[in-house]
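There are 2 protein chains.
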Amino acid sequence: MINKKMEQLGKVRSVIRELFEYGKKRKAEIGEDNVFDFSLGNPSVPAPDCVNETIRALTEEMSSLQLHGYSSAQGDAGVRKAIADYLNKEHGESFTADSIYMTVGAAASLTICLNALVCEGDEVVAFAPFFPEYRVFSESAGAKFVALAPTEDFQVDEAAFAKAINQNTKAVIVNSPNNPSGVVLTEESIKALCRVLKNKSEEYGHPIYLITDEPYRELVYDDVKVPFITKYYDNCLVCYSFSKSLSIPGERIGYIAVSPKMDCERDVYAAICGAGRALGYVCAPCMFQFVAARCLGQTADVSVYKHNRDLLYNALCDYGYKCIKPDGAFYLFLKTPEDDASAFCENAKKKELLVVPSDSFGCPGYVRISYCVSTKQIENALPAFKALAEEYGLK
Amino acid sequence: MINKKMEQLGKVRSVIRELFEYGKKRKAEIGEDNVFDFSLGNPSVPAPDCVNETIRALTEEMSSLQLHGYSSAQGDAGVRKAIADYLNKEHGESFTADSIYMTVGAAASLTICLNALVCEGDEVVAFAPFFPEYRVFSESAGAKFVALAPTEDFQVDEAAFAKAINQNTKAVIVNSPNNPSGVVLTEESIKALCRVLKNKSEEYGHPIYLITDEPYRELVYDDVKVPFITKYYDNCLVCYSFSKSLSIPGERIGYIAVSPKMDCERDVYAAICGAGRALGYVCAPCMFQFVAARCLGQTADVSVYKHNRDLLYNALCDYGYKCIKPDGAFYLFLKTPEDDASAFCENAKKKELLVVPSDSFGCPGYVRISYCVSTKQIENALPAFKALAEEYGLK
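Just so you know, the sequences run in chain order P and D.
Per the working numbering: the first sequence = residues 2 to 396.
Per the working numbering: the second sequence = residues 2 to 396.
With the rest of the complex left out, here is chain P (with noise of 0.2 Å):
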């Protein structure tokens, strides 16, 4: 008698849940250190020293009713400015306070848009590989969530994107750098995505919005720049969170940038102010509000991941594996050597070597290896894995 979706929902764990309990369980089982748990995208290097140094701060400089009150629901606006501010100066845009929503991190900034937008009949298209959660998020705001196959570097077909988009076609989500390939779009993509949206929309008169979800935006190696997308498209709303960047998952901080050159930009930022009060969301958590404006910029030391990032990726290519070098991101998509993903993630786990394997993320035949670990576990896992490639006559 009560919602059987939401039940399920609760009682499935997802195949990476699943992973990481199977993990813990084993490492009680055969010691911490003989498990290579590459399951979890959850940041590994600790946050900035601003962060920590910011919230004592704020308890000394705030009265309590100010740093710990109710913000206004769209967030405070000083906190709004500064974003606006930062993100004008970095990407040359004209945000204002007013283009700024303060969110509960980025599943609530995602939730919050699509519940905006999304009417009866709306279709919502995603790009494989994709966060798993988009269809929960899509299907819930009561849309349709439709999945594009990847194509061979998971840059963008422009043809088959195209195919993808019909008259019920509401909004697009792109997320790059990319959870769980980590590559980073070119900006030859964008404008390839840019164009079909364009067209698509004049063709069905009415817009068709791109949803950007962005919490990896900072973390990219090698100089490789993620194209701000609202440069390319107006219809545009950029979902951010300092998950990520700050290495604060657990604090819920983000924001949706709705771009100012939107069509009926203030109806859309009304209905994501409406979307926010449906489903129960109050203001975005007040003093971490004033720890990211604060932090702007910062970011907790990304060298490290970069350094697993060659460490591992140079290995798995030495061993004979097949990966995408990804850009960006904490995350290795590697090919698997048979085509059941699931098969090698079972041999794998022979082997004490915990990776997910792709089929939730709309792309079977991969696996996403999380480098967001101990450079040490890296290393002592690279043995297992060399062995691995040998059992499949790799090289």
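Simulated from the structure, these hints should not be mistaken for lab results.
Careful: at least some of the hints might be erroneous.
Identical copies look the same in the list; a pair holds intra-copy or inter-copy alike.
Derived DSSO-like pairs (lysine-lysine); straight-line CA-CA distance at most 30 Å [as the list claims (entries may be wrong)]: (1) 12 with 232; (2) 5 with 201; (3) 26 with 377; (4) 6 with 145.
Put chain D on the given structure of chain P with help from the hints.
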């Protein structure tokens, strides 16, 4: 082409918010001290010292990854155990860590419960006067919202309540101490309420859930006791927030306690986890989970509210107004001397008194006066209340 319902929700400011914005404008015109703003239910007493002390201690004691990292979706296990133990000690209950689900405040507790329970065609009942967002939350979860007319003393009329329940009733929301009336439901009312729910659940062959919204539990005066509802009814979900007790409404931290005696308790808990996931609540803010657990049983200095209540209530009665003496929360519900509460509010405005008409609380003919303000504001406002009473020929 966007969701018009959400756009509308975002655009139509609540009466309370309208009044608050008017107050800001008016203060700029005639000076802060000359406007008597009683519109908002925002704590006016600072957080107890333990809040900032704990925050600073946690930043020193815990590692960054532990303090600011993800907790499990239902909340940190140690925090949940501490809350269960506290509730068991206070109320002689038998909660476990697995009865508790940490949330981003009471609004999130309510939306998550409603989304977990409601199926198509369901109804949700609340007693007038009620917090206006109950309607928004219930309708957004897909339910029909049914408002039960108020009784004279705002207690439960057993026969009238029984008539409001039907085959489609999925849940009843109770809020005691009440916003906007300050009334605490008596044990007699609770027993009558639970009798109806038990009989009707039996008659219709399915549980009717009781959802209690309890952010004001600790804000009671003169040794009034708030009955703990899980003792009277098994199919009960307690929605709690630390916003008012610790004066940290901006930090968004609360919990749902699922009665361990509930039918299919594990299924309901799973549905809560599922709803939290679908709505985009990844986990409650982690640092404030730890803060809440360490500050259990502590409150802001509630004696200020009691002093304000006595001052205001005695004076208003003295001037000839009729109002229910509030036993809790920080609201006084005054019967307007003319039927049209909005007209009375306009007259009050002419004397710079900002009070909220009761229509959106489902209970016409009253105004809500929030006395979570400085005592000085009340003292300064009394002559205006007196003059208004004289205009209406009271006494």
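Q: Hint by hint, work out which the structure violates, then give me just those numbers in ascending order.
A: none
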